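Q: Put the complex together from the two separate chains, hints included.
Those protein sequence lines, which keep their order, are chains A and B.
Just so we're aligned: the first sequence equals residues 1 to 64 in UniProt numbering.
Just so we're aligned: the second sequence equals residues 1 to 404 in UniProt numbering.
It is worth saying that the hints were derived from the structure and are not from the lab.
Treat the numbers as computed from the prediction; the structure is a model and nothing was measured.
Please note that the accuracy of each hint is not assured.
What the hints assert, rightly or not - Among the chain A residues that face chain B by a calculated CB cut under 8 angstroms, a handful are:
hint, residue
1, Gly12
2, Ala13
3, Gly14
4, Val17
5, Leu18
6, Gln26
7, Asp28
8, Glu29
9, Asp30
10, Gly31
11, Ser43
12, Ala53
13, Val54
14, Pro56
15, Ala57
In this text, a Cβ means the ideal position worked out from N, Cα and C, and glycines have one as well.
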Amino acid sequence: MRVVVDQGRCVGAGQCVLAADDVFDQRDEDGLVDLLDPSPPQSRLADVRHAAAVCPASAIAVED
Amino acid sequence: MSIDAERLKLPLARPNVLELAPLYEVLRREAPIAPVTTPAGDPAWLVTRYDEVRLLLGDKRFGRSHPEPEKASRISTAAVQDGPTGDFETEEADHARLRRLLTPAFSAKRMRRLGENMEQLVEGYLDRLVAEHETTGVVDLHRGLAFPLPVAMICRLLGVPEQDTELFASLSERMAGTAIGEAAHEAREEFFRYMVGLVEAKRPQLGEDVISDLVRAQSEDPSFDYAEMVRLCVGLLFAGHETTVNRIGLGVLFLLTERSRWEALVADPAGRVDAVVEEVMRLGAPGDLGLLRYAREDVEIAGVTIRAGDALVLSINAANRDADVYSDAEEFNPDRPERTHLGFGHGAHFCIGASLARTELRVVFSALARRLPDLRLAKDVDSLQVRATLTGGVAELPVTWRSA
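Only chain B is shown next, with the shape it has when bound in the complex (with noise of 0.2 angstroms):
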């Protein structure tokens, strides 16, 4: 397999939702810097190497703004990383003041904190889900677990009303479509209208959570812009319904698609569930494409000039299974003597919440392993129906076990 001398056009197919294109190891080996076409018709440069998205990530020579945000490469046409955000001027300053305003929130030991209240939410999960199996004899644990769970983390940790979550949900799903057309920045803005209506309600009662923190911080920073501060809310919610959701469908995946990997967590889940959870932040590889981000100079790097202005897709995805880091590098094994990968990011945008979704994910597959030892899939992988949004995932996960 070589690489066209023609524009690689993105997304690169794949064969199914735990593999990646067999182009990736390609364009590693030969081009970590590709010139590709976007989704969109623009040309970026696309990443591929562990060593160069890691640089790039923590390079401030690379942002999210754009000098001249019209002119600027769009990504995808769905409405999260597909083009520039924030003042090209003032994006450095900006973000550390969102970094420290949100940073003690989802500090790690207040996320362990929350793990005893996790544990009991998804033990209410499991019970529902065991009673709804003795009649069905199949049941979706993308409806029942997967998703439920970080919605009502998030839902908390914001200070968001649960019972609105079917509209969030829905909105968060279409802002993240890519086979929508339009509709995606309409979802965008409707999330947006719907949030100012929330900070509003909550404004005369501000309580013990995040967005009231941020109401506060934005109503005593005159320089804190009031539609970043909604956007910033919109970010989180969605964050909160888009990541998480995806990562444990895939790690269930991964851990039944071998019966052995399964095995090995049920015979020890308190000891193996760490190291799970990490193999499946490596390897899950949600989305077809990467974080987005603008050279703010020109920039020489592996041989390739990269211009101001030019727009860098970094494939974490490609970048976590890249074999000169990874020994066998796109097998599951949580006892690889690997122990980083980039599945949070890395740098100054390093994920915000992940303290909260490694609490997560260690609580529901630790119960999953306690409680359903004989858990199955009840369909075949290649069968399962995948998201058409830029976070991609399953969009349902039907298991099925041998009742006791």
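Excised from the complex, chain A in its bound form (with noise of 0.2 angstroms):
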């Protein structure tokens, strides 16, 4: 699986921090989003499309 995020899209909501806190994060200095892992393991799939799914800026991607 791959991730990819756009921070220029990002606003900060942290709803992905809460899907999945192993694979995303949020920068102290302005909230917006940390990537941890770009490519985390297939068991981790579920959680990781709900991060993208409720992304409030659609700034996350997934590839399987």
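A: The structure is reproduced here in structure tokens:
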């Protein structure tokens, strides 16, 4: 699985951190998305997909 | 039931604080973007289907400002979400700056760290309620828990003195008032003056809090208008009073009006609370209107032509119960397979306080389930006093339990 985030679109909602905090974080300085793991294990697919679905800015793309 | 050819008049009367007007179901099916008359008497579009509400919230052709504010449709006589705000030319950039300023202070990580602090606060509130219950037999969960927790948290985050609580609680309530005419706008003016006083009192000794951050940012940025900063501080303090407070009340009502819901949470508070919180966010429907937007240009959507400058009321309440999206949409079911909702909005204006609210709700519902497993309503849900404000919710929450 490959995860791509677009910090230009991110609005810092933090929804992705709640969905999968081993894959996403928020930067301390501006609260924008920080991708911790661009290729998480396949077992994390459901939560990562959920993170992409609930992102209010559609700033997360997932390819499996 | 069919829809009258005449314009519907908002608000649509609801059976009680937990249910919506049955007409929403018809609207979603037959007229998902319907022409309506607002409570203020002006024309607007009411959007009720999940897909369109979500789409419009994420679409930059719709904003909060209006090119000719004096000509814009007014929504209600409350002093919040009642009409256009911001500068039509610079809205997007102004909003982006605000988000940049506020996002770090409300990040999911920071809010999680506040959780422990909140747990201690809630234990204290519950201790007091338990002691009061010993003598009275019935206690008001609204006054003793749902109100004080979010207010204490927003005061700490913003750096606002908690001893002024009574004053800005009353100002918040009046600002959101839908049945008091001009007094709502007078309350907004008064709240503004209070905040100017607070900002200036803090200025010589700025601290580690959100208002201090905003004062610093405003003094360093000539394009950041002073009045805009003060309005933002008012808005944050207002939001801390009028949102999570109501959501705690609605959540308790959903859980206690059907015993099996409460028992499921009591059986496994730690394992169940997150799903309960999300379902309370989906199904809880405070207020009778929705989020306000104005079209920035002509837009064709769902067979309707919306003209530049038209007002739209996006019904989060209706969208979150859309049967095309949710199975048994009207049912309170934390185990449902659908995990998304629009309870915090969507798009660029997504609720800045979402992580704060989620943390508060999680702490409250797990503590209640753990400490008061026998909790019951002491009054029928239909006879509870509902607040006549834009943000709705109950004014009282009398509860009881068998004392151990």
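Q: So, for every hint listed, does it hold in this structure?
A: Right, here's what the structure says about each hint:
1. Interface hint at Gly12/A: satisfied, since its Cβ lies 3 angstroms from the closest Cβ of chain B, which is below the 8 angstroms cut-off.
2. At its closest, the beta carbon of Ala13/A sits 5 angstroms from a beta carbon of chain B; the interface hint therefore holds under the 8 angstroms criterion.
3. Taken as an interface hint, Gly14/A checks out: its beta carbon lies about 3 angstroms from the nearest beta carbon of chain B, inside 8 angstroms.
4. Interface restraint check for Val17/A: the shortest CB-CB distance to chain B comes to about 4 angstroms, inside 8 angstroms, so the restraint holds.
5. The closest approach between the C-beta of Leu18/A and any C-beta of chain B is roughly 6 angstroms, which is under the 8 angstroms cut-off, so the hint is satisfied.
6. Nearest Cβ of chain B to the Cβ of Gln26/A: about 4 angstroms, under the 8 angstroms cut. The hint holds.
7. The closest approach between the C-beta of Asp28/A and any C-beta of chain B is roughly 7 angstroms, which is under the 8 angstroms cut-off, so the hint is satisfied.
8. Taken as an interface hint, Glu29/A checks out: its beta carbon lies about 7 angstroms from the nearest beta carbon of chain B, inside 8 angstroms.
9. Given the 8 angstroms rule on beta carbons, the hint for Asp30/A holds: about 6 angstroms separates it from the nearest Cβ of chain B.
10. The interface hint given for Gly31/A is met, as the beta carbon of that residue sits about 3 angstroms from the closest beta carbon of chain B, less than 8 angstroms.
11. Annotation: interface hint on Ser43/A violated; nearest CB of chain B at approximately 18 angstroms, more than 8 angstroms.
12. Because the beta carbon of Ala53/A sits about 6 angstroms from the nearest beta carbon in chain B, less than 8 angstroms, this interface hint is met.
13. At its closest, the beta carbon of Val54/A sits 5 angstroms from a beta carbon of chain B; the interface hint therefore holds under the 8 angstroms criterion.
14. Using the Cβ-Cβ criterion of 8 angstroms, the hint placing Pro56/A at the interface with chain B is satisfied: the shortest such distance is roughly 4 angstroms.
15. Look at Ala57/A: its Cβ gets to within about 7 angstroms of chain B, closer than 8 angstroms, so that hint holds up.
The earlier numbered hint that this structure contradicts is number 11, and it is the only one.
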